[in-house]
Amino acid sequence: MDLALGDPTKAGNPAGARALAIDARGLVKRFDGTLAVDGVDIAVEEGAIYGILGPNGAGKTTTLRMLLGIIDPDQGVRRVFGHDRPHEIARLIGYLPEERGLYPAMKAIEAIAFMGALRGLPLAEGRKRGLELLEQHDLAHAAQRQIRQLSKGMAQTVQLLGTLVHHPRLVVLDEPFSGLDAINQGKLEAMIRRLAQQGTTVIFSTHVIHHAERLCESVAIIAGGKVPYAGSVEAARDRIPAQVRLETRAREGAWLAALPPDARREGDLFMFSLPDTGVEPLLRQLIEGDAGILSLSIERAGLHDAFVHIAGEAAARALAEDASGEAK
Amino acid sequence: MSEAMSASSTPDSRLPLASAAWVVARRDFLAVLFSRAFLFFLLGPLFPVIVGALAGGISGQVQREATSSEIALAMDGADNAAMIAAGETLRPQLGWMLPHLTPLPQAGGAGFDARAFLEQKRGNYAAIAEGSLAHPELVGTSEQVERWQGTIGLIAATAAGTSPHTFPPVRTELVATSASAERSNRIRTAQAAQMLLFLLTMLLAGMVLSNLVEEKANKIIEILAAAIPMDAVFMGKLVAMLGVSFVGLAVWGGLGLAFWSLAGDAVVLRTGFDPAALPAPAVGWPWFLALGVLYFAMAYLLLGSLFLTIGAMAATVREVQTLSMPVTMMQLMVFFIAAYTITQPGTVLELLAIAFPLSSPFAMMARAALQDALWPHALALIWQGLAVLLIVRGGSRLFRTRVMKSGKGGRGQPRRRWFRRALPG
Chain A
1 MDLALGDPTK AGNPAGARAL AIDARGLVKR FDGTLAVDGV DIAVEEGAIY GILGPNGAGK
61 TTTLRMLLGI IDPDQGVRRV FGHDRPHEIA RLIGYLPEER GLYPAMKAIE AIAFMGALRG
121 LPLAEGRKRG LELLEQHDLA HAAQRQIRQL SKGMAQTVQL LGTLVHHPRL VVLDEPFSGL
181 DAINQGKLEA MIRRLAQQGT TVIFSTHVIH HAERLCESVA IIAGGKVPYA GSVEAARDRI
241 PAQVRLETRA REGAWLAALP PDARREGDLF MFSLPDTGVE PLLRQLIEGD AGILSLSIER
301 AGLHDAFVHI AGEAAARALA EDASGEAK
Chain B
1 MSEAMSASST PDSRLPLASA AWVVARRDFL AVLFSRAFLF FLLGPLFPVI VGALAGGISG
61 QVQREATSSE IALAMDGADN AAMIAAGETL RPQLGWMLPH LTPLPQAGGA GFDARAFLEQ
121 KRGNYAAIAE GSLAHPELVG TSEQVERWQG TIGLIAATAA GTSPHTFPPV RTELVATSAS
181 AERSNRIRTA QAAQMLLFLL TMLLAGMVLS NLVEEKANKI IEILAAAIPM DAVFMGKLVA
241 MLGVSFVGLA VWGGLGLAFW SLAGDAVVLR TGFDPAALPA PAVGWPWFLA LGVLYFAMAY
301 LLLGSLFLTI GAMAATVREV QTLSMPVTMM QLMVFFIAAY TITQPGTVLE LLAIAFPLSS
361 PFAMMARAAL QDALWPHALA LIWQGLAVLL IVRGGSRLFR TRVMKSGKGG RGQPRRRWFR
421 RALPG
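Those protein sequence lines, which keep their order, are chains A and B.
Quick note: the first sequence uses our numbering, first residue 1, plus one each step.
Quick note: the second sequence uses our numbering, first residue 1, plus one each step.
Any given hint could be a false lead.
Covered by chain B, according to a simulated footprint, are these stretches of chain A (three or more residues, beta-carbon under 8 Å) [what the hints assert, rightly or not]:
hint : region
1    : 94-101
2    : 179-187
3    : 227-236
No more than 16 Å apart at the CA atoms, straight line, and that leaves these computed lysine to aspartate or glutamate pairs for EDC-like [unchecked claim]:
hint : chain 1 : residue 1 : chain 2 : residue 2
4    : B       : 219       : A       : 41
5    : A       : 226       : A       : 41
6    : B       : 216       : A       : 98
7    : B       : 219       : A       : 98
8    : A       : 152       : A       : 217
Rather than coming from a laboratory, the hints here were simulated on the basis of the structure.
C-beta atoms are modelled at their ideal positions from N, C-alpha and C, and glycine is treated no differently.
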């Protein structure tokens, strides 16, 4: 997928501290007395790919809507590119809602141009850009076809192109991978990476951890309307000590006392967290104790483990159920 | 590609309200105009006309067959002939008051029993006249006897020569109008204008609702809400639908004029209805027509904005349909109140009908027919426009606060406010 969107000279991914595209603090939203979002803090640097990770009903969409100014928070403040009222800078933002929608009788090219026109792009320019985007996505043949005549994947691509046609500096995608097949998911991931390379800030919500793990520098984990973690993916993974997998020839011996207290046996393997002192002192004791080391590996925690650790088993289970339901 | 795209970057701020409304209005207007729904919308008024004509024709035929005005004659042959001749003599002056007279063939025998004949439900006669010219007898049901006995007596007297064959001509002189006639005529004009305004509004305002339903069904609304103010979405939809309704009115009006130019004379001759003879409204026809267009627009915008507000309150298409029913009923009530106040100018009720936004266009339309002052119309139009803006603003706020909810999550429990209030302490 050869995509060129936005102005690549605009921001890029400069090293060092970057300005914040989104800075939200203490966002609270209630619907009819039900607390949907409870004190969410999110900070997204310009040019970053940021994921909001959580099961369905966790408050992701409500959070995104507050960030965009579609709804106002009951408490808290949010700034988008320094503006208190994000709705006022709608031309800088592209938004793909969770519930995809296009006018069925509209032609694909007109749908893209219309979405651009809503963000201030003249219709003629929108049609021109729309055709270029469709060509880049091998959909030029569909330009004059009505939306109702397109496949679901094609229609979703058309809507995504409509989200990007006005060259937004911030792209907000609510569950963008939902409903896409594996090939189109791959294309979308590539598109998101390319947008970020060109300096566009991308924030997306998902309940599929792998997408966030592959794409995001930073994530917010959201569960039950709260954000128990917001920060870099690396830092989230570092919250769980690395796991050591040890296989020995000997089954018993004095060396067993050298293993950390949390060590557990799983078949021929011992599993335990990497000690604070590192692995070297342990190795020495195992060798001196004649444990007969067959293999020893240190595995860093994945984002899924971090999610379970941070959000809890129940949220992780809900996330997994959502993802498997999606796959079906 | 990147260069071409980055060369025309746009300013940061969102579209101004009017521009945003224009984007929505343009899309909606073209989409509706080139849809099959619009064709059906144009054909819509034809169906009641066709059904009405068919029903009228059928019921007329049934009526004619059911209520016969034929009197059977069961006198002797000479009297029968004299009765028929007398009837023809009187017909030029008494016309429709006279029954058709037909000799009854079965009455030739001496033992003919008129009562038995009718009770056996033979023939389709209103009554049977027997006896002689000097002593005619009428046999029939009480209604028919009551209806025809005077007429049969007059015909018999004419046939016997005891009544004048002709009546003295009455000289007539017509005046153009009188105070009483002008007022009652203008009331008729006011009623007709109100009715037309109401029918058009109800017919066309429903389109706004179906448009919003479509928007919800297509799930476009969030894209619109994220990009432009909801006020602009509502205003755009209203303007688009008003434009569509004007196109509809132009098509209907054009077809009506074409039909009238071809068959107007025949219609006047057949029905006796001549629009040229309609009583002139107090403000004069040009102003009246101009105000009619303006009040139609206002009535349409008011009802349309209310429908949009309902759409904003409803989360599902079914809710939209359910909630629209009370508004339709309310509009009907409002119309009846406005119609009632036609005969009560200057009363508190009329002023209330003028002040209440939904009834205001109807009440003011009637006023234009009855009173010649123009300045109240300027005030009323400003007030109605303001009411449209207020309803649109309220509807868009409701939309943002009520509809844009999602998810079943959240850890809090719904507050049981009612129970809290009910519980002491």
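Each hint tested on the structure:
Look at the region 94-101 of chain A against chain B: 6 of its residues bring a Cβ nearer than 8 Å to a Cβ of that chain, three or more, so the hint holds. Proximity of the region 179-187 of chain A to chain B, defined as three or more residues with a beta carbon under 8 Å from a beta carbon of that chain, is not established by the 0 residues found. Here's how the region 227-236 of chain A fares: 0 of its residues keep a CB closer than 8 Å to some CB of chain B, so the rule of at least three is not met and the hint is violated. For the hint linking residue 219 of chain B to residue 41 of chain A, the alpha-carbon distance of about 29 Å lies beyond 16 Å, and the restraint is violated.
Among the hinted pairs, residue 226 of chain A with residue 41 of chain A is consistent with the structure: their alpha-carbon atoms are about 9 Å apart, no more than 16 Å. The hinted pair formed by residue 216 of chain B and residue 98 of chain A meets the criterion: a straight-line CA distance of about 14 Å does not exceed 16 Å. Between the alpha carbons of residue 219 of chain B and residue 98 of chain A the distance comes to roughly 10 Å, so the proposed pair stays at or under 16 Å and holds. In summary, the hint linking residue 152 of chain A to residue 217 of chain A is not supported, as the alpha carbons are separated by about 30 Å, beyond the 16 Å threshold.
Of the numbered hints given earlier, the model fails hints 2, 3, 4 and 8; all others are met.
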